[in-house]
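**Q** Next come the chains, spelled out residue by residue.
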Amino acid sequence: MAALSAPAERPAALALRGVTKRFGDVVALDDVSLDVRAGTVHALLGENGAGKSTLMRVAFGLLAPDGGSISLAGVPCTPPFTPRDAMARGLGMVHQHFSLVAAMTVAENVALGAAGRYDAAKVASTVRAIGDRTGLVLDPAARVGDLPVSAQQRCEIVKALARDVRVLILDEPTAVLAPDEAQALLRWVRAFADSDPSHAVVLITHKLRDALAVADDITVLRRGVRVAHGPVAQFTEASLADAMLGPGERSSRVDAEVREAHTPRAPAADQAREGRDVLHAHQVVIRDTEGITRVRDASFTVHAGEIVGLAAVEGSGQHALLRAMAGLLPVAAGRLQSPTDVAFVPEDRHRDALLLDASLTENLALRDAGRRSGQLPWRTLAERTTALLSARDVRAAGATAIARTLSGGNQQKFVLARALDDAPSALIVENPTRGLDFRATAAVHDALRAARDAGLAVLVYSSDLDEVLAVADRVLALHDGVVHEVARERDTVGRAMLGVVSDASIANTERVTFATRTPSPGASA
Amino acid sequence: MSATHQASWVGAVQRLALLVGGTVFALVLLLLVTGHDPSVALRALVRGAVGSWYAFTSATLVRAIPLALTGLCVALAFRAGLLNIGAEGQLLMGAAASAAVLGTVGASLGALALPLALLTGVAAGAAWAGVAALLRQRFGVLEVISTIMLNFVALYTVGWLVRGPLQEPTGIYPQSASLPKAVQLPLLWTGTRLHVGLVLAVLLAIGLWWWQRSTASGFRLRAVGQNPHASATIGRINVARVSVLAFLASGALAGLAGAVELTGVTFALYENLSPGYGYTAIAVALLARLHPLGVLGTAALFGALQAGGNAMQRDAAVPIALVNVVEALLILLVIAGDRLTAARSARA
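Protein chains in written order, with the numbering used here: chain R, 1 to 525; chain F, 526 to 873.
Chain R extracted, bound-state conformation:
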């Protein structure tokens, strides 16, 4: 470490040169280089599957590259380079799925992986000192499982900082946060990078807005290739979207989807939905199977021919609310109206929607199998599956294909197609595009809009506020078990998700709702 005073002359905090990584025949990374300058925030952008996380896993020593080199602060990392080496040299990574032990305290989690004796008092004072220094305040004695998601994320970062991390990799850190929490995190990221010339942050994200707001430099990956890189001033939302999607692939439809997702429209008050009430909740209280009250007060209506979006921070009661609406959970109090033919698409398709090792025909038969009797008409079911695959553009080897062999996007298309197969009168979907790439997401959104246009009452929950705004005609915000209808504006919804509901936003919404319903006052009487 020679004394280099000017920041511009410092070696890159993290440099990857010509990194190549193959999985079997698939080239996940093809000759990718990345320079993270000291004292900066570097945004790594790309669609799902573009290779962002793979690249960072190589940098952190979790994957050995097939070619290329890595250096930290100008010093090459010679193989075998392990996460232990990476951490010893001041590189830390916070994964999208946290690696915390829920039953342990914050202090115990911070101490995990360290050598020697566990001294509770000493670790607690470390946690407090980090809180004082960086603003990431946590109670060292709190059980991690009891903390909200945003605090768990703070705990992950504090864990890294406790090991004196100078270069921090954050994998999709804002995906689980409410907008205001996300803003706070991005401000912290900026401050961390600015606080010391040896600090740097790599921000893996697919949110153009976040990248443009906080980063100094941006690198864009597409299908394992670096397609754009440079200082943030060179880019706009449109040029970044172009780079992520590729010029040859970018159809006008996808283009519209980009605009919709990233620049929310004004409230669609003009789209008067006068369909009949299909889903209706009145002062509903829901307890989960363990008897914990998850929903305290929900009153709303979803009419035929409209998409109602539900916005909420993780753990606000949406899980129970959606399942009660789908007829899978009883209500403890209040009145809930839901048709018997309601279709439900749960967020975790592997756990809750598919028999992964069974054929698609058997997966079609699974729908409402509890209500069937006698022999199953396998021949008819197979024909219907084949028809479904071609009608809904599900790419599979055929009706006998095993569900596990389909790509995530095609699995989700199949799950949606199955839900819509019997022409239900209502559709409830939960995080319908989780883990899907851009094109698959657009296809799912199109299917939701088509369902609405066919006269279904559609209720969509998404943890991504932009998705709610992109597909919903009306928006409900759920905070701590209470549902409010709010104006379809990003800021208003974002605040309502955190429990800040101003009288103005509600009153305004009620006027709008009232106005749209006046033509049919007799419908509810």
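Read the hints as simulated data drawn from the structure, not as lab findings. Treat the hints loosely; a few may be bogus.
[Unchecked claim] Covered stretches of chain F, going by a simulated chain R footprint (3 or more residues, C-beta under 8 Å):
1) 648-660
2) 736-742
3) 759-766
Glycine residues also receive a C-beta, built at the ideal position from the N, C-alpha and C atoms.
Position chain F against the provided structure of chain R, taking the given hints into account.
**A** Quick look at chain F alone, frame taken from chain R:
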């Protein structure tokens, strides 16, 4: 459809051939290592298992019957995602209940006595499995643990019965009185010991196979076994109900095995009525990949191995433990092979 059926038939035959080949290979290796002459030992084994019509029917097939019935019991439970390790205990309780009915009211019932004895065995097996089902559903007790424990309870219950209430009149031997001819299962071929339990096992295997692949309730069983969450969420299946019913049906099959063994082979209740059929059944079911028809094949294979093993011990002085080692090796090989194929197909 027919093409895939053909493929699965070919696959099943290939599999059975592979199993037999693997068995012989492992056995020869073990014999060499332990210093026995493989040719002498193997000749004794083949003679004991299939060397004559009598050996095939009275040694191999007679052993295959309880293995098939308990194998179906285990296959059904595993298919539903229930690790029922209690076939042995359910078999013993089936035999005990059957003996109790025959010993008390049997004589007065005439021709009805035998069917009633079998049904009592079925009910007792189901009830014994029901205890584990209740513990699982009500208190979340893992069925692996409860069924193993209940095996011991069943074993010692039989021990008490044959020294107490059900002991034969002279009070000398720890066993029940011998069953009169009238309540014994009819023989399939005179001159052999092969009884109609074989027909029962084959019919049940075919019935279970058809039920699982064709009916809505059979499909629910498979769906719950594969993924209870999706079964509840998408299938709106009452998972607890399906699990309990599957557990009862599974126990019923083992209970029937006990009643059949009592009325077809031993003709009396005693502690060593089963040489661990209920445990070998796990291997039988796993090697058949839980397929009811496959269970018939693997039950015959294990029946032959045990019959041949006895002959080998008698004629070539090779301890039968060697055969048990081979059985265990087979299971490990097959499970490892299945995992490997699954991993390969998941990657493709």
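**Q** Taking 8 Å as the C-beta cutoff, is the stated coverage of the region 736-742 of chain F by chain R satisfied by three or more residues?
**A** holds (count 4)
**Q** Quick check: do three or more residues in the region 759-766 of chain F have a beta carbon closer than 8 Å to a beta carbon of chain R?
**A** holds (count 5)
**Q** With a cut-off of 8 Å between beta carbons, are at least three residues of the region 648-660 of chain F near chain R?
**A** violated (count 0)
Consistency with the previously given hints fails for number 1 only.
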